[in-house]
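> Each chain, written out:
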Amino acid sequence: MSGHKKISIVCFSGDFDKMLAAYTIATGAAATNREVTMFFTFWGLNALKKNQGHSWLGKDFLSRMFNFLMGGKNNLPLSRLNFGGASPKLMAGMMKKNNVASLDELMEAASALGIRFYACEMSMHILGVTKEDLIDDVQEVVGVATFLNESEDAHIIFI
Amino acid sequence: MSGHKKISIVCFSGDFDKMLAAYTIATGAAATNREVTMFFTFWGLNALKKNQGHSWLGKDFLSRMFNFLMGGKNNLPLSRLNFGGASPKLMAGMMKKNNVASLDELMEAASALGIRFYACEMSMHILGVTKEDLIDDVQEVVGVATFLNESEDAHIIFI
Amino acid sequence: MSGHKKISIVCFSGDFDKMLAAYTIATGAAATNREVTMFFTFWGLNALKKNQGHSWLGKDFLSRMFNFLMGGKNNLPLSRLNFGGASPKLMAGMMKKNNVASLDELMEAASALGIRFYACEMSMHILGVTKEDLIDDVQEVVGVATFLNESEDAHIIFI
Numbered sequence: 001m002s003g004h005k006k007i008s009i010v011c012f013s014g015d016f017d018k019m020l021a022a023y024t025i026a027t028g029a030a031a032t033n034r035e036v037t038m039f040f041t042f043w044g045l046n047a048l049k050k051n052q053g054h055s056w057l058g059k060d061f062l063s064r065m066f067n068f069l070m071g072g073k074n075n076l077p078l079s080r081l082n083f084g085g086a087s088p089k090l091m092a093g094m095m096k097k098n099n100v101a102s103l104d105e106l107m108e109a110a111s112a113l114g115i116r117f118y119a120c121e122m123s124m125h126i127l128g129v130t131k132e133d134l135i136d137d138v139q140e141v142v143g144v145a146t147f148l149n150e151s152e153d154a155h156i157i158f159i
Numbered sequence: 160m161s162g163h164k165k166i167s168i169v170c171f172s173g174d175f176d177k178m179l180a181a182y183t184i185a186t187g188a189a190a191t192n193r194e195v196t197m198f199f200t201f202w203g204l205n206a207l208k209k210n211q212g213h214s215w216l217g218k219d220f221l222s223r224m225f226n227f228l229m230g231g232k233n234n235l236p237l238s239r240l241n242f243g244g245a246s247p248k249l250m251a252g253m254m255k256k257n258n259v260a261s262l263d264e265l266m267e268a269a270s271a272l273g274i275r276f277y278a279c280e281m282s283m284h285i286l287g288v289t290k291e292d293l294i295d296d297v298q299e300v301v302g303v304a305t306f307l308n309e310s311e312d313a314h315i316i317f318i
Numbered sequence: 319m320s321g322h323k324k325i326s327i328v329c330f331s332g333d334f335d336k337m338l339a340a341y342t343i344a345t346g347a348a349a350t351n352r353e354v355t356m357f358f359t360f361w362g363l364n365a366l367k368k369n370q371g372h373s374w375l376g377k378d379f380l381s382r383m384f385n386f387l388m389g390g391k392n393n394l395p396l397s398r399l400n401f402g403g404a405s406p407k408l409m410a411g412m413m414k415k416n417n418v419a420s421l422d423e424l425m426e427a428a429s430a431l432g433i434r435f436y437a438c439e440m441s442m443h444i445l446g447v448t449k450e451d452l453i454d455d456v457q458e459v460v461g462v463a464t465f466l467n468e469s470e471d472a473h474i475i476f477i
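Residue numbers (our numbering), protein chains in the order written: chain C, 1 to 159; chain W, 160 to 318; chain A, 319 to 477.
There may be inaccurate statements among the hints.
These stretches of chain W come out as covered by chain A in the derived footprint (C-beta under 8 Å, 3 or more residues) [claimed, not checked]:
#1 247 to 253
#2 284 to 298
#3 304 to 313
Here are the simulated DSBU-like pairs of lysine-lysine, each with C-alpha atoms no more than 30 Å apart in a straight line [what the hints assert, rightly or not]:
#4 LYS368/A with LYS97/C
#5 LYS415/A with LYS368/A
#6 LYS415/A with LYS449/A
#7 LYS164/W with LYS449/A
#8 LYS415/A with LYS290/W
#9 LYS50/C with LYS248/W
#10 LYS6/C with LYS323/A
#11 LYS414/A with LYS97/C
#12 LYS407/A with LYS323/A
#13 LYS209/W with LYS323/A
It should be emphasised that the hints constitute simulated quantities derived from the structure, not laboratory data. A virtual CB, placed ideally from N, CA and C, is assigned to each residue, including glycine.
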């Protein structure tokens, strides 16, 4: 198999620690000449949302509730031992102390390395998220067909 | 690589939202001529269980407890913000409102598209689930060797 | 595609049930002549930690907290219905009763079959885990570049 390998990462959970793993694999792969695409779906959309804090915005109850409980890319929870959001902050502190790149730095690096960010259309509908809620780095809002075509000869990693 | 690509989805968690992602990828792939197999293991078995509500059936304590707490394919929890089962119902409402196919519709589509459903033998033993508990769409109860052979030249997605 | 296929398993969560799935796939694959590598990262590191109980060791607050809350490879939680650690014990009992190999047996089998265990350097830094905390089966502490190279022509399974 060729050295030029594609990687497709499906970011489903949107947890702080899982996004850290996703961006680390993504940037590591892109830095070594692999072609990387990241698909953000469901809770993963939260990692693409402009940080607006835990707002109470949205056009119906469910989207308001989700916007309230999930505050955007600077409020991602830890997949375990979250302690109401205290742990991601502690972990970010540990990362800084150990010279590990922060989530924001990794995301900027990902953009700079040409990694494509796609947002899942269906889950945006379900969760009431609009294109305006998302950061500018998002290339496109796509459906499952695009995901499948882009992932045809790629490693698929579901995180 | 050829356009005819296989996809193997390991359904481990059985969460409502993750099953939604799994069926969306599966039906999208099958509709575009990919060969799709879904392996249901551990909590994922719940998504194959006939809906019998939260019953207290089973031959020993653990299987009774699992049957009681996990009620079958119409009672799948959300992977987060579940709120005692209220959120999957709200989400199902949002899906209907936005003309997104329901989980049952996706599952029927999957069957109609020839997607194979396999149940994991080992986890059925561990959780005390029998073939009779499962819906008729399940083709076979298989072990890890069958999974590996079927997935040999497929994308493997662990959900 | 050739019958000699590589499998790379990223063990991220460290849950008892997910590790069971990981080792079952890994040993099944290795037993049928596939080349298997397991990368342990974040909470998955816990599955490589010598069992020292829930100790309060570590050089700073976060690592102490993690060591206290996550006690090593014999204290892995269940991904759901954990009930403070009671369920993994019940599940281990069900496994024994049904002649399913235990987690320790699977891990020994994995080692005997030549499966390589790699620990993720970055997450060891973040969580304050040192090489001395890990069991002897761990071959090496590696970075993301090694993971990507080893996984080049492998199935990647993120668990």
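> Between LYS164/W and LYS449/A, is the straight-line Cα distance small enough, at 30 Å or below?
Distance of about 41 Å is beyond 30 Å: violated.
> Is the straight-line distance between the alpha-carbon of LYS415/A and that of LYS368/A 30 Å or less?
holds, 26 Å
> Just to be careful, I want the Cα atoms of LYS414/A and LYS97/C compared with a cutoff of 30 Å; is the pair within it?
Violated - the C-alpha atoms of LYS97/C and LYS414/A are around 44 Å apart, more than 30 Å.
> Given the proposed pairing of LYS415/A with LYS290/W, does the C-alpha separation stay at or below 30 Å?
holds, 19 Å
> Please count how many residues of the stretch 304 to 313 of chain W have a CB within 8 Å of a CB from chain A and say whether that reaches 3.
holds (count 6)
> Is the straight-line distance between the alpha-carbon of LYS368/A and that of LYS97/C 30 Å or less?
Given pair LYS368/A, LYS97/C holds - Cα atoms ~26 Å apart, limit 30 Å.
> Do the alpha carbons of LYS209/W and LYS323/A lie within 30 Å of each other, as the hint requires?
violated, 36 Å
> Below or equal to 30 Å on CA atoms is what counts here, so check LYS407/A against LYS323/A.
Judged against 30 Å, a Cα distance of about 35 Å means the pair is violated.
> Holds or violated: LYS415/A and LYS449/A, Cα atoms, limit 30 Å.
Cα-Cα ~35 Å, so violated.
> So if I understand the rule, the pair passes when the alpha-carbon distance is 30 Å or less; does LYS50/C with LYS248/W pass?
holds, 27 Å
> Does the alpha-carbon distance linking LYS6/C and LYS323/A stay inside the 30 Å limit?
Holds: LYS6/C and LYS323/A sit about 18 Å apart, inside 30 Å.
> Does the stretch 247 to 253 of chain W contain three or more residues whose Cβ lies closer than 8 Å to a Cβ of chain A?
violated (count 0)
Of the numbered hints listed earlier, those contradicted by the structure are 1, 6, 7, 11, 12, 13.
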